[in-house]
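> The primary structure of each chain is shown beneath.
There are 4 protein chains.
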Amino acid sequence: MQIGMVGLGKMGGNMAERLRRGGHEVVGYDRNPEVSDVPSLKDLVDSLAAPRTVWVMVPAGPPTHATIEQLGELLSEGDLVIDGGNSHYVDDQKHGAQLAEKGIGFVDVGVSGGVWGLENGYALMAGGSEGDIRRLWPVFETLKPEGDGFVHAGDVGAGHFAKMVHNGIEYGMMQAFAEGWELLEAADVVKDVPGTFASWRHGTVIRSWLLDLFVRALNEDPDLSDLQGYAQDSGEGRWTVQAAVEHAVPLPVITSALYARFASRQPDSPAMKVVAALRNQFGGHAVAS
Amino acid sequence: MQIGMVGLGKMGGNMAERLRRGGHEVVGYDRNPEVSDVPSLKDLVDSLAAPRTVWVMVPAGPPTHATIEQLGELLSEGDLVIDGGNSHYVDDQKHGAQLAEKGIGFVDVGVSGGVWGLENGYALMAGGSEGDIRRLWPVFETLKPEGDGFVHAGDVGAGHFAKMVHNGIEYGMMQAFAEGWELLEAADVVKDVPGTFASWRHGTVIRSWLLDLFVRALNEDPDLSDLQGYAQDSGEGRWTVQAAVEHAVPLPVITSALYARFASRQPDSPAMKVVAALRNQFGGHAVAS
Amino acid sequence: MQIGMVGLGKMGGNMAERLRRGGHEVVGYDRNPEVSDVPSLKDLVDSLAAPRTVWVMVPAGPPTHATIEQLGELLSEGDLVIDGGNSHYVDDQKHGAQLAEKGIGFVDVGVSGGVWGLENGYALMAGGSEGDIRRLWPVFETLKPEGDGFVHAGDVGAGHFAKMVHNGIEYGMMQAFAEGWELLEAADVVKDVPGTFASWRHGTVIRSWLLDLFVRALNEDPDLSDLQGYAQDSGEGRWTVQAAVEHAVPLPVITSALYARFASRQPDSPAMKVVAALRNQFGGHAVAS
Amino acid sequence: MQIGMVGLGKMGGNMAERLRRGGHEVVGYDRNPEVSDVPSLKDLVDSLAAPRTVWVMVPAGPPTHATIEQLGELLSEGDLVIDGGNSHYVDDQKHGAQLAEKGIGFVDVGVSGGVWGLENGYALMAGGSEGDIRRLWPVFETLKPEGDGFVHAGDVGAGHFAKMVHNGIEYGMMQAFAEGWELLEAADVVKDVPGTFASWRHGTVIRSWLLDLFVRALNEDPDLSDLQGYAQDSGEGRWTVQAAVEHAVPLPVITSALYARFASRQPDSPAMKVVAALRNQFGGHAVAS
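Protein chains in written order, with my numbering: chain A, 52 to 340; chain B, 52 to 340; chain C, 52 to 340; chain D, 52 to 340.
These aren't lab readings, by the way, just hints derived from the structure by calculation. Fair warning: there could be bad hints in the mix.
Given that identical chains are not distinguished, each listed pair holds provided it fits within a single copy or across any two copies.
[As the list claims (entries may be wrong)] Distance condition first, Cα-Cα at most 30 Å in a straight line; then the derived DSSO-like pairs of lysine-lysine: (1) K93 x K242; (2) K242 x K153; (3) K145 x K242; (4) K93 x K145; (5) K93 x K153; (6) K61 x K93.
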C-alpha cells in the first residue's frame, strides 16, 4: 500500500527500505533534504492519495508533538497517523484524542529491532482500534519478522506501554549479564571468561539474543578494555519505574538496573561524599579528598 | 567409553540415558535399588575396568561429601572422579585435594539443561587439569548440545564457579520477566498480556529461551491463576551473592532477585511489622493486626 | 496574630491548639460542624481582618486544590495563604501562580511532628518569598520546637520538596531498623532482642528518635506479635523516587524501602508466580498452587 | 578492678584511659613500645594477679586469633579473656571453645562509640555466661554511657552479632541521609540545603546522632566539595549481608548501602562496560572509550 514516512534516520530510513522491498510505495520526508523525497511535510501529504497513511518516526517529545500537530492540520477526515517512535503512552492518548477531533485515526506502535531490523524484521506492539489495526495489516506484515513478532496490545497507548515494559525487562536482563561478567572477572577462579559466556549459548537456561550479542562483543574485545563503564538510559527505563511507582508495583531488578546507569555517569558519587563525611565524623576514619 | 554413574535421579538418570544413546557403557548406582544396576557403590567400582571413571550426580553437601569420601577409599591411583552435581566451588577444591592424596583425579562440572537436557544436550562447564579434561572428552562430547555448550573454565572449582554465576544471571533474568509481567497486569493498559509476551519471541532484544518457556507457561495458564507466588532458591543464588560480597562486587540485580524469593516464602514480613509499629508510634497511623 | 485554619483533623486541630496556647487568635473551619468555629469557608474569611492569613491543612490532592481555588475567590489582594498539608511541590507552584494572579500571597510549609507536635513543636520547612516568610514569622515561631526546627528552604515549592526528601530519608531509616530486627529474630544468636535495641539508645552511632520509638513499641509488644507486616505508603515516598528518576539520581535505599511497603500489601506476589512458572518449565520444580 | 588491656590504638587507648579515670588499674600492652606499659604479652600476664582479666582490643582476624592463642598459653584456669574488637561472631565461638578447654573464660563485646567514646562512654553488647558477665560488671559500668548502653545479648558470639547488626543498620541509615542529600543537591528546588538539614535536628522523625554529625560536617564544608565520594566498608557490613543470605532474610536496604560503597571504590564500573557493549551491539549506540 501507499505510505508516508516522516523521519528517515537510523530507524525510519531502514523501515522505509524494508517496506519498499516488501512492495509498498513509500514517500519519505525528513528535515534533512539529502535523504528526503519531498521538500516539506505538506508536500508529503499532498503526494498521498486519500485516505492517507502517515507513519511518524521522529524523536519522542517535542519533535513528535510538533509533527502530529502539523499533521492534524494537513490531513483530512479518514486519514490515519501512526506513531512508531519512542513516545510515552500518556502522550499517545493525548495525540489520539487530538486527531480524533478531526476524524483522523491514530495508532501507536512500539518498535523493537535496532540496527538488525532491516534484515530480520521489527517486532511490533500496536495500540489502537480494531479497524485501524486491520487497515494497517499489510504494513505490519511487511515490517514484522517471519513467523510472529506482532501484537495488537490494546487501545491507543497500549503499543508504547508494551514497548516500555519490554525495555524495562531488557534493562534487567542486560544488568544481570553485566553483574555476572563483573563477578567472573573479579573472582579470578574462572580463567576463560569469554569461553564461558560462549559455552552458555547452547543448552543453558540463559541462552538468549543478548547473550549472543555479548559473545560477539567479547570476540571483538575479550576483556572489554576498549570500553568505558558508562551507559545512557532512554526514556523507557525511567517511565517503567514511574509507572511502577504509580501502580504500587515493586520493581527491584529493573530499578536497580536503571540506577546503575545513572551512577555510571557520575564522575564522583555525591551520596558517597556524605557517607565519607559521616565516617570521618564518628570514627575519625580517613577520607579521600 | 565405560563410565560409572552415581545417582540416577532426574538429572543423573537422564544423563546416563543420553550417554548410553551415545554409545557409552554406563554402570549406574543409586540408593534406590529399583533404578540401580548394582547393589552397592563397591560393586559399581568393582564392575569398572581400571583406570576407572566415576561421575557423581548426587545432592550437594553431605551426600556428595560422603560419596567422594567413599570413592576415595574404593578407587585406585589413576582413576578419575567427576562431580557433576551442584557443589560449591570451595568444596570442589577440598574434594580435589583429598582425592589427589591418593593419586585419584578430580574434575568438577557444572551442568545446565534441566528436564530438556536428555533431548537437547547439557551445557557443561568443567574445572580440572588439561589431561583430565582431555581424557573425559568423549563423555563431554556426548552430553553437550550440538554445536557448542562446553567450556574448560579453569582449574578444579572453576566449573562449578561458572555454573554458579550462570545461575545468578538466571535469577536476574527471571526476575526481570517477572517484574515486567506484574507491571503489565497491574497497569491494565495492555489488554492482551499473553499475546504481548508471545510477540516478543521474534525480533526483540529480549528474545530468549526463558521467554519461550514463559510463553509456554502462559499458554497453559494465561493469568497464572493456578500458581502461588512462592519460589524456592537453590544454593547457587546464595553463593553468588556471598562470592560478590567477598570480592566487593556490587550485584544489585542478582541480589534483588534472590531477596524476592526469600520474601515470597514469608507468610508475613517481619521487617514490615517494624515499619508498621514505627508508623503507629510517630503518626498514630492505624495498623493491621 | 490572627490566623484562619482550614482543616481541624489530627494535624490541623493540634496546630490550632498550639497556636492558641502561644497567644494567637485562631478561627478554625472544618467540614465537620462539631469541631468548626464557623459554618463555612466564606464565614471564616469574613471573620478575619484584612490583610488575612489562612493556613490550609487538608488532605493533599483534590481537597487542597478545591480549598485553594475557593480561597482564591473569597480572599483579596494582600491576603496570604499557607498550604501546610502534604502537597506535591509541583502543585504548590501551580497554586502559587494561581493566587498570584489575584495578588494573593502563597507559602508552602512541610510540617513534621505527628502526634507529638502539640507538645514538642512542629519542624517546619517553608517555601515562598522573603516578605511572606517574614510576615508569618510569629506563627512559625510558635509552631516550631524550642531551639530550631525551621528553615526557609527556597521559593514556592521548596518547603514541600524538603519535606518530601525528609520523608524519603525516613523511609530508608525505618527500613534499616526493620531489616536489623528481622535478622536478629531470624538468626537466634542474640537472645535478648528488645534489650539489645534498648541498649543502642545510648552511646551508639544509630541512636535516634526512631530508635526511641521502636524501643517504646517493643516495650508494649516485645516480639511484635500483635502486628501484621503491612505498611501503607504516603505520597512523599513515591514522589521522592519519581523526582530521583527525573533527575537521574540513584536512590537504591529509599526505593527499596518504598518497594518493601508495596510488597507488604500484596497477599501473593504476582512476580513470584512468574518465577515459579519458569522454574517449573525448565527444571520440573514443584510449584505451590 | 585490675585489668590487662592488649592493643592501645585509637579505641583501646581511649578505653584504657576511661577505665583509669573510673578508678580501675589498667596494665596496657601494645606492639608499639612507646605506648606500652610492659615489654611483652607475657609481662602483661605476669603483672596481673590471678584470677586475671585481659581485654583484647586488636584488629579482627589474624591479629586477634594470634593474641587469643598466645593468651591461651600464658593464662591459667579461672582467668578471663574479653574480645572487644570487631571479630566475626563465628570466630568468637571458636575462641571461646579453645579457651574453655583450659578453663579460661571468654566474653565477646561489641563496642560502639568511636572517637566520642572517651567522653560519652561506649555502648557495649556482650556475649558470654551469666557468671562471666557479672564478674566484668565493674568494667562495663565504667565504660558504658550514663543511663544505659549495655546489654547482655546472649551466649558467646551474641555480643559481636548484635554489634554486626548495629553496623548494618548504620549502613542503611547513613545511605538514607546520603541519598536525600544527593537528591536535594541535584534537583535545585531547595536553595538552602545545609539549613534544611540543620532544621531537621528538632521536631522531625529523622532526628538522630547521625543527622547531628552530618550537620557538623556541613558546617565545616557546606557542599562537601573537599571530599571524594569514596567509602571503605568494614567487615560488619559484609557479615550482615552474609548472615542474611544464610538465614534467607531479605535485606534490600542494608545490602544496597554496602553495594554503594563497593561501587564508590571502582574508578570505572566493569558491569557498565557490559551494558555499554550490549547497547552498542543491538542499537548501534555510541560508546565512551
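> If the cutoff is 30 Å on CA atoms, where do K93 and K242 land: within, between, both or neither? Let me know, please.
neither (61 Å within a copy, 36 Å between copies)
> When no copy is specified for K93 and K153, does a C-alpha distance of 30 Å or less occur within a copy, between copies, both, or neither?
For K93 and K153, only the intra-copy Cα distance (17 Å) is at most 30 Å; the inter-copy one is 44 Å.
> Tell me, please, which holds for K93 and K145 at an alpha-carbon limit of 30 Å: within, between, both or neither?
Within. Shortest intra-copy distance 23 Å satisfies the 30 Å Cα cut-off; inter-copy 38 Å does not.
> Can you give me the call for K145 and K242, within, between, both or neither, at a CA distance of at most 30 Å?
between (55 Å within a copy, 19 Å between copies)
> At most 30 Å between alpha carbons: which applies to K242 and K153, within, between, both or neither?
between (65 Å within a copy, 26 Å between copies)
> At most 30 Å between C-alpha atoms: does K61 with K93 qualify within a copy, between copies, both, or neither?
within (23 Å within a copy, 61 Å between copies)
Checked against the numbered hints above, the structure breaks only hint 1 and satisfies the rest.
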